[in-house]
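Enquirer: Sequence:
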Amino acid sequence: FINSVPSCASPFGIPVKTELRILGYYFNSRGIAVSSWMRIHQRSIPVLRELKGLVLPLTCKARLAASWFLSKYWYHGTISLPPRQIFLTVTRIAFQFVWGNSVEWVSRARLYQSREVGGLRVPHVKVKCLALGIKAIFDALSEPNHPAHDLLHYFLGPEIRFFCSFQQNRPRSEFTAPHLKEYVSSVRRLRESHVDADLSTWSVRRFYVSLLGLLPAPTGVPELSVPRQIAWRYATAGWLDSRRASLQWRLAHDVLPLRDRLHRYGLTSPRCPFCSSHETAQHAFHECLVPDVLWHRVEELYGVPRIRWGTIQTLLQPPVPIRDRRQFILLAVEINYQVWIARCIAVHGGRARGTSHVLSLVRAGVRRVLQRERAVLGAMEFGRRWLTSSVLFEETHGRYVVHY
Numbered sequence: 001f002i003n004s005v006p007s008c009a010s011p012f013g014i015p016v017k018t019e020l021r022i023l024g025y026y027f028n029s030r031g032i033a034v035s036s037w038m039r040i041h042q043r044s045i046p047v048l049r050e051l052k053g054l055v056l057p058l059t060c061k062a063r064l065a066a067s068w069f070l071s072k073y074w075y076h077g078t079i080s081l082p083p084r085q086i087f088l089t090v091t092r093i094a095f096q097f098v099w100g101n102s103v104e105w106v107s108r109a110r111l112y113q114s115r116e117v118g119g120l121r122v123p124h125v126k127v128k129c130l131a132l133g134i135k136a137i138f139d140a141l142s143e144p145n146h147p148a149h150d151l152l153h154y155f156l157g158p159e160i161r162f163f164c165s166f167q168q169n170r171p172r173s174e175f176t177a178p179h180l181k182e183y184v185s186s187v188r189r190l191r192e193s194h195v196d197a198d199l200s201t202w203s204v205r206r207f208y209v210s211l212l213g214l215l216p217a218p219t220g221v222p223e224l225s226v227p228r229q230i231a232w233r234y235a236t237a238g239w240l241d242s243r244r245a246s247l248q249w250r251l252a253h254d255v256l257p258l259r260d261r262l263h264r265y266g267l268t269s270p271r272c273p274f275c276s277s278h279e280t281a282q283h284a285f286h287e288c289l290v291p292d293v294l295w296h297r298v299e300e301l302y303g304v305p306r307i308r309w310g311t312i313q314t315l316l317q318p319p320v321p322i323r324d325r326r327q328f329i330l331l332a333v334e335i336n337y338q339v340w341i342a343r344c345i346a347v348h349g350g351r352a353r354g355t356s357h358v359l360s361l362v363r364a365g366v367r368r369v370l371q372r373e374r375a376v377l378g379a380m381e382f383g384r385r386w387l388t389s390s391v392l393f394e395e396t397h398g399r400y401v402v403h404y
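Residue 1 is where the sequence shown starts when you use full-length UniProt numbering, and the numbers rise one by one after that.
No false leads were mixed into what you were given.
PhoX-like cross-link-like pairs, simulated, lysine-lysine; straight-line CA separation at most 25 Å:
id, residue 1, residue 2
1, 72, 135
2, 181, 126
3, 72, 126
4, 181, 135
5, 72, 52
6, 52, 126
Label-pair restraints from in silico Cβ distances:
id, residue 1, residue 2, range
7, 385, 265, 42 to 50 Å
8, 383, 21, 52 to 60 Å
9, 47, 102, 14 to 22 Å
10, 25, 63, 23 to 31 Å
11, 305, 192, 47 to 55 Å
12, 175, 102, 41 to 49 Å
13, 193, 355, 50 to 58 Å
14, 143, 193, 23 to 31 Å
These are calculated hints, taken from the structure and not from any lab test. Because the structure is a prediction, the values reported are computed rather than measured. Every residue gets a Cβ at the ideal spot worked out from N, C-alpha and C, and that includes glycine.
Build out the structure end to end from the sequences listed, making use of the hints.
Expert: In C-alpha cells form, the structure reads like this:
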C-alpha cells in the first residue's frame, strides 16, 4: 500500500515510493500513473524518428505507423485510457509520419477505416484502447477465477448490468469508479445500437469497428470530388506493391499533386509537361499523348470500345469478362504507375520517356508481378488465380510472354 498521510510516511522504517511498477504498469496513490503513458511515448518516438529517414509510399507508412509505432500503446490500453494530451500528441505525430509532414489531403476519419471502404486502417488510439479495455472487462467477468473478477463486480457498481446479469448477493460500490465510466458509457451505446447482440462473444476487432462507427462525423472537412463507389479491393489489392497501391489510392481519392491543383495555390503553371494542355487527373492518366496510346492498345488487346475515365480512376466496371478481370486490373494499375513516373520525370526536368519506353516498362512490371505471385502462391494456386485467361499473357516453360 502507498501511504499518502504524512504522519505515516515511513512505518517500520520502510521508505515510501510515489510509484510502483507492477507487470510493466506504473501505479501511484490514484491508480494508473500518467507517467506510464509518458514513458511509452518517450520510447516510441526514436522508433518513428528512424522510420522518417526512409522514403516509403503512403500505404507502407500507414502499416508501419500501426505496427511499429502505435502498437506500443496497446499493452497499457488494456487496463487504462490514454490521457487526452497523450492521445492528441500521438495521433498528430502518427499522421505527420504517414503524410510526410505535408498536407493531410484525406480526413483522418477516412483513414481510420479499413481498406475495403477506402481507408488505410490507421488505428484510432483512444477507440482501440477502449475496445481492448471492454474486451478485457468482459473476459474478467466471465471467468470467476480471474484476479479482477471480484474487483470489477464491486467497482462497476450498478452499471454492472451493461456487462452481465445483476447479482444481488454481491457487494458493490454505490457509484461506478471514475476510471471505468468511459467503458460503461461506450458499452451502453453499443447496447443501444446492437440491441440483440451478445457483446460478451465479440472480438476486439468487432468492438473496435463498432465503436469507430459510433464516432461523430468530422466537421469542417471539405468534401473531395471522390466517386461514390470505388473498387477499393482492387485499388489496394494484396498482390500490388506499396508504391502502385499508394498511387491508385491517391488517384481514387483525387489527391495527387497535379499541376491543376498546385496552380490553384499559385505554385506552378497548369500546363502538361508533354503537350502543354491543362493538366488534370483525367488528362494526365487518360487523354495525354502517352496514356492515350497505351489505353488504345488495351482496347485493341481486349476488343472493347474506348475505356472510360471512371474505370481508370476507380477500377469499377472493367469492360472485360470476369475471367479477365484480375489481369485487366493488373495491367491498368501498371499503366497508371508508369505514366505517373514518366510524368514526374518530365516535370522535374529529366529526359522525357517516349511511348515505346513506357510500354516496355509496363510489360516488365506485369512480368515482375507474375513472377512474384508464382513464387509466393505456388504453381497450383497461381494457376487458379491467374491462368484463367490467356489474353494478357501466356506461361511457357516458366517464362511469361506478355501480349500487350
